[in-house]
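Work out the full structure: start from the sequences and follow the hints.
Residue numbers (my numbering), protein chains in the order written: chain A, 1 to 344; chain B, 1 to 344; chain C, 1 to 344.
Think of the hints as simulated: they come from the structure by calculation, not from any bench. The structure presented is a predicted model; accordingly, all values stated were derived computationally and were not measured. Keep in mind that the hints are not guaranteed to be accurate.
Subject to a maximum C-alpha distance of 25 Å in a straight line, what follows is the list of computed PhoX-like cross-link-like pairs (lysine-lysine) [as the list claims (entries may be wrong)]: (1) Lys32(B) <-> Lys324(C); (2) Lys51(C) <-> Lys23(C); (3) Lys337(B) <-> Lys23(C); (4) Lys292(A) <-> Lys324(B).
Over the 12 Å line for every Cβ pair with chain C, so calculated as not near, a few chain A residues [what the hints assert, rightly or not]: (5) Val9; (6) Lys51; (7) Val74; (8) Ala76; (9) Pro91; (10) Glu187; (11) Lys193; (12) Ile219; (13) Lys341.
Stretch-level coverage of chain B by chain C, calculated; a stretch enters the list once three of its residues show a Cβ under 8 Å from a Cβ in chain C [claimed, not checked]: (14) 186-193; (15) 214-225; (16) 297-307.
Beta carbons are placed, not taken as given, at the ideal position from N, Cα and C, and that holds for glycine.
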Amino acid sequence: MPLSLGEIVSRLGGELVGSDQVKIRQVATLEKAAPDTITFLANERYLRQLKGTRAGAVIVGEHLRHSIDTPHIVAANPYVYFARVSALFNPRPAMGASRHASAVIHPGAVLRDGVYVAPHAVIEEGAVVGADCSIGAGTYVGAGVTVGDGSMLYPNVTLYHDCSIGKRVIVHAGAVIGADGFGIAMEGNHWIKVPQIGRVRIGDDVEIGANTTIDRGAIDDTVIEDGVKLDNQIQIGHNVHIGAHTAIAACVGIAGSSRVGRFCRIGGASGIAGHLNIADNVEISAHTLVTKSIDEAGTYTGAYPFEPSRDWRRNAASLRNLAKLTGRVRALEQELKLRKKGTS
Amino acid sequence: MPLSLGEIVSRLGGELVGSDQVKIRQVATLEKAAPDTITFLANERYLRQLKGTRAGAVIVGEHLRHSIDTPHIVAANPYVYFARVSALFNPRPAMGASRHASAVIHPGAVLRDGVYVAPHAVIEEGAVVGADCSIGAGTYVGAGVTVGDGSMLYPNVTLYHDCSIGKRVIVHAGAVIGADGFGIAMEGNHWIKVPQIGRVRIGDDVEIGANTTIDRGAIDDTVIEDGVKLDNQIQIGHNVHIGAHTAIAACVGIAGSSRVGRFCRIGGASGIAGHLNIADNVEISAHTLVTKSIDEAGTYTGAYPFEPSRDWRRNAASLRNLAKLTGRVRALEQELKLRKKGTS
Amino acid sequence: MPLSLGEIVSRLGGELVGSDQVKIRQVATLEKAAPDTITFLANERYLRQLKGTRAGAVIVGEHLRHSIDTPHIVAANPYVYFARVSALFNPRPAMGASRHASAVIHPGAVLRDGVYVAPHAVIEEGAVVGADCSIGAGTYVGAGVTVGDGSMLYPNVTLYHDCSIGKRVIVHAGAVIGADGFGIAMEGNHWIKVPQIGRVRIGDDVEIGANTTIDRGAIDDTVIEDGVKLDNQIQIGHNVHIGAHTAIAACVGIAGSSRVGRFCRIGGASGIAGHLNIADNVEISAHTLVTKSIDEAGTYTGAYPFEPSRDWRRNAASLRNLAKLTGRVRALEQELKLRKKGTS
Numbered sequence: 001m002p003l004s005l006g007e008i009v010s011r012l013g014g015e016l017v018g019s020d021q022v023k024i025r026q027v028a029t030l031e032k033a034a035p036d037t038i039t040f041l042a043n044e045r046y047l048r049q050l051k052g053t054r055a056g057a058v059i060v061g062e063h064l065r066h067s068i069d070t071p072h073i074v075a076a077n078p079y080v081y082f083a084r085v086s087a088l089f090n091p092r093p094a095m096g097a098s099r100h101a102s103a104v105i106h107p108g109a110v111l112r113d114g115v116y117v118a119p120h121a122v123i124e125e126g127a128v129v130g131a132d133c134s135i136g137a138g139t140y141v142g143a144g145v146t147v148g149d150g151s152m153l154y155p156n157v158t159l160y161h162d163c164s165i166g167k168r169v170i171v172h173a174g175a176v177i178g179a180d181g182f183g184i185a186m187e188g189n190h191w192i193k194v195p196q197i198g199r200v201r202i203g204d205d206v207e208i209g210a211n212t213t214i215d216r217g218a219i220d221d222t223v224i225e226d227g228v229k230l231d232n233q234i235q236i237g238h239n240v241h242i243g244a245h246t247a248i249a250a251c252v253g254i255a256g257s258s259r260v261g262r263f264c265r266i267g268g269a270s271g272i273a274g275h276l277n278i279a280d281n282v283e284i285s286a287h288t289l290v291t292k293s294i295d296e297a298g299t300y301t302g303a304y305p306f307e308p309s310r311d312w313r314r315n316a317a318s319l320r321n322l323a324k325l326t327g328r329v330r331a332l333e334q335e336l337k338l339r340k341k342g343t344s
Numbered sequence: 001m002p003l004s005l006g007e008i009v010s011r012l013g014g015e016l017v018g019s020d021q022v023k024i025r026q027v028a029t030l031e032k033a034a035p036d037t038i039t040f041l042a043n044e045r046y047l048r049q050l051k052g053t054r055a056g057a058v059i060v061g062e063h064l065r066h067s068i069d070t071p072h073i074v075a076a077n078p079y080v081y082f083a084r085v086s087a088l089f090n091p092r093p094a095m096g097a098s099r100h101a102s103a104v105i106h107p108g109a110v111l112r113d114g115v116y117v118a119p120h121a122v123i124e125e126g127a128v129v130g131a132d133c134s135i136g137a138g139t140y141v142g143a144g145v146t147v148g149d150g151s152m153l154y155p156n157v158t159l160y161h162d163c164s165i166g167k168r169v170i171v172h173a174g175a176v177i178g179a180d181g182f183g184i185a186m187e188g189n190h191w192i193k194v195p196q197i198g199r200v201r202i203g204d205d206v207e208i209g210a211n212t213t214i215d216r217g218a219i220d221d222t223v224i225e226d227g228v229k230l231d232n233q234i235q236i237g238h239n240v241h242i243g244a245h246t247a248i249a250a251c252v253g254i255a256g257s258s259r260v261g262r263f264c265r266i267g268g269a270s271g272i273a274g275h276l277n278i279a280d281n282v283e284i285s286a287h288t289l290v291t292k293s294i295d296e297a298g299t300y301t302g303a304y305p306f307e308p309s310r311d312w313r314r315n316a317a318s319l320r321n322l323a324k325l326t327g328r329v330r331a332l333e334q335e336l337k338l339r340k341k342g343t344s
Numbered sequence: 001m002p003l004s005l006g007e008i009v010s011r012l013g014g015e016l017v018g019s020d021q022v023k024i025r026q027v028a029t030l031e032k033a034a035p036d037t038i039t040f041l042a043n044e045r046y047l048r049q050l051k052g053t054r055a056g057a058v059i060v061g062e063h064l065r066h067s068i069d070t071p072h073i074v075a076a077n078p079y080v081y082f083a084r085v086s087a088l089f090n091p092r093p094a095m096g097a098s099r100h101a102s103a104v105i106h107p108g109a110v111l112r113d114g115v116y117v118a119p120h121a122v123i124e125e126g127a128v129v130g131a132d133c134s135i136g137a138g139t140y141v142g143a144g145v146t147v148g149d150g151s152m153l154y155p156n157v158t159l160y161h162d163c164s165i166g167k168r169v170i171v172h173a174g175a176v177i178g179a180d181g182f183g184i185a186m187e188g189n190h191w192i193k194v195p196q197i198g199r200v201r202i203g204d205d206v207e208i209g210a211n212t213t214i215d216r217g218a219i220d221d222t223v224i225e226d227g228v229k230l231d232n233q234i235q236i237g238h239n240v241h242i243g244a245h246t247a248i249a250a251c252v253g254i255a256g257s258s259r260v261g262r263f264c265r266i267g268g269a270s271g272i273a274g275h276l277n278i279a280d281n282v283e284i285s286a287h288t289l290v291t292k293s294i295d296e297a298g299t300y301t302g303a304y305p306f307e308p309s310r311d312w313r314r315n316a317a318s319l320r321n322l323a324k325l326t327g328r329v330r331a332l333e334q335e336l337k338l339r340k341k342g343t344s
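In structure tokens form, the structure reads like this:
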């Protein structure tokens, strides 16, 4: 169902420059936009591409108000506005209340109104699934698990027993929540297992990416607060605590018992060692290993700069002698100092 | 069914040195070869091991033609020849057309001839599965998905709605194709979700490793071209484009909207940041983070050289002062220059 | 069922200081302990927290024998003792012998006594499942797989054909064992697949984390010896051999054909390149890439030290010129030497 630009602005705000009659059916990229689509420009770098766009309308920031002829909506944050427009045209499909005959739902599980249960899902005893949830094909909801209203579990998700998930949470395929933490103790010459008796507690409005794993606590719980966004293939160790609204990119690992603050942003494939505290509003770059607690907001980095391999080989070889090189510079400085004395 | 060396050479080419009557039943490693097996030697380093081999025959390169007594096949590329021989003895088992009674196949899905559907697989409305495909146990084929002829999905794979997969594609267990990309926008003090409305399009002859994840595009599609080989636990972000015949080792992450060229080779656990362009024929070493576009073919590296921890500690401490050290060296150079002037 | 401290000591040993009548129902952390719980103190760092604990008892090492008023058990290794106590209070629930009607068990599979098969599990022809095993919901046991007595497969695990698993092995959800190794050969301008005909053989008392992948051998087998402990999201390439009682933290990748010794400890997100040998008792730090064989026990590191990004930027820029800097220092040293001669 198309919406006119006038209707869009009346629903979402923003200031329209140009005809309010233009009909929009979908969002698009600058490059592939058709006349019945709306696109956005967050960055002046793409201004040139904008000249050629066939889009029916563009969402721009205040500073680009006068740079374009195409009808445009001026918004404080064009990307947020774009997200809102896209959600208008692409609402999450309502699955409708139904339980596929092949799903195995324990009689001691409770499903509130409007729950969709896909083929081959399994819901164990004592689980409570909130209203309007969707449980994907082959997804396993363990005994005693609680899932809040409006949450969506994609196919082949595994929730171990007794974990709890808040409202409007999205869990993508293959994610595993509540597996045992890595708790082992060396007795004599073999490892014994330390029972992992905590749970995982996940707040509201959290999104969890495909094949991400979040371990249950060893004794107390692993906690993911409200609004946290986790990308794919992240590993969260036992007893980690992630503060609200922190966003973590793919392939990150956070070792046991570390606490990450609120509103942090953690770059892809970085890692946080165990038992650390990371303050609020900390940004960690991609491929960075954090080995000490961080008390101050700010951006932290620890990635090796890449270069052509022949250059890397020379520099990396020198790096192995860097402490010695530092000593040689010190020796030179002292020698020059002595000579200065000698010649003065 | 055994084949004589003569039969092997008549099917696959190569030049036989020695009796064509030797019967071969299987391929083997140098170390464990039995008299009815054939092995290969790609590398002169293993020449000594070859002396003791019990293999019935060996595949070697031209330069080793005269180095062995064992019957041998001289091939331009011994490893490729070995692969061909192994495929002769180990054809992929034909699953045969059948649909297990427990599979849930929507009446609006289309399955071409010769499709095998394993127990508990789910195929949704509008999906089209090509001839001679195999759909593994517990695998989920979402609504509107297209799978080309001769493709094989192992168990517990998840294909989200509307993705397309080419011909003769192999997808290993636990892979997730088409989950939402990591698209979030900060509005006020919480994240809102940017709908991910693109698809994943995968070409022909692609192989995708176990637990690898490939996100659907945010607006346009994520694209994997023909002949790409992806190892296990790789993460491909939304709108990434991987050129034909590129091979990527395990645990690599490629962030959103980056383009990787054709015939690239990307080493294990390396990463490519978002919005970059990587030229054709680029090789990236293991554990390397690529943070800028690469315009020229070649090999690029950025891994920290490992060493005994006590050495690492000293060198890493010096690394934290490297910019200062560079300044100290500059000061020394200037001082010496001044003195030179002074003494001249 | 509560146990008195006296009963605990009589079962597990250790020396009790204080009343043997205190009733214990569960283990707890120092912080959240209630009077009917027992906690432990492995590290003097937490001694202050101990003062405020409400725990009914504490497990401590010999050196803390006199530091506390709370009843305590003195143990040689408090963490091991804690693990034993926790196992007393938290035995693994017995699943009981049963096969859910929805499970698909091939008539040619053998299940020993006491096996639990969850809903939607699939067990293929020729598989042998040992006594008292538990096969999780949606888990796939391929043709010819052997699982030893007392093993536990959580939901959505995939075991490819012909792999073998020892006794008392735990495999967490989403793990994939026996997928094809990454064997490809470039013929002309495309990759051909090298058949992966080896298996995976896993010893007794191994634990495998969620979403970990272990590839089958190319020709011979991939081997995980007894007592190995693997955390989540680990990738083990084809023909890797892991020695007994080695423990590997999450997100580690080990490339094809490498051998890791016994009693090694490998830190999170580190990597081992292919075809290497790692001796027994080697410890590898987190985020370290091992690119050469290691012959001697010891600890090895190769992680880039993280720092505030502005510092990192300067140091990383200098790192790109480190070989040149080394040359400049050498030049300075030579110049000073020459002058010394000149002035002497």
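Structure-based check of each hint:
Taken as a hint, the Lys32(B) and Lys324(C) pair is broken in the structure, with Cα atoms around 49 Å apart against an allowance of 25 Å. Between Lys51(C) and Lys23(C) the alpha-carbon distance is near 20 Å, which keeps this suggested pair within the 25 Å criterion. Among the hinted pairs, Lys337(B) with Lys23(C) is inconsistent with the structure: their alpha-carbon atoms are about 81 Å apart, more than 25 Å. With a CA separation close to 23 Å, the supplied pair Lys292(A) and Lys324(B) stays within the 25 Å bound.
The non-interface label for Val9(A) is consistent with chain C: the shortest C-beta to C-beta separation is roughly 39 Å, beyond 12 Å. At the 12 Å boundary, the C-beta of Lys51(A) stays outside the reach of chain C, the nearest C-beta of that chain being 34 Å off. The claim that Val74(A) is not at the interface with chain C holds, since no C-beta of that chain comes within 12 Å of its own (minimum 33 Å). The Cβ of Ala76(A) lies farther than 12 Å from every Cβ of chain C, with a closest approach of about 27 Å, so its non-interface assignment holds.
For Pro91(A), the requirement that its beta carbon stay farther than 12 Å from each beta carbon of chain C is met, with the minimum near 30 Å. The beta carbon of Glu187(A) is not kept farther than 12 Å from every beta carbon of chain C, the shortest such distance being approximately 5 Å. A Cβ of chain C approaches the Cβ of Lys193(A) within 12 Å, the least distance being about 7 Å, so the stated non-interface status is violated. Taking the minimum C-beta to C-beta distance to chain C, about 5 Å, the non-interface status of Ile219(A) is violated against the 12 Å cut.
Interface exclusion of Lys341(A) from chain C stands, the closest Cβ pair being 14 Å apart, more than 12 Å. As drawn, the stretch 186-193 of chain B meets chain C at 0 residues by the rule of a beta-carbon pair under 8 Å; below three, the given contact is violated. Residue count for the stretch 214-225 of chain B with a Cβ under 8 Å from a Cβ of chain C: 0. That is fewer than the three needed, and the coverage hint is violated. Interface restraint, the stretch 297-307 of chain B with chain C: holds (5 residues with C-beta to C-beta distance below 8 Å; minimum three).
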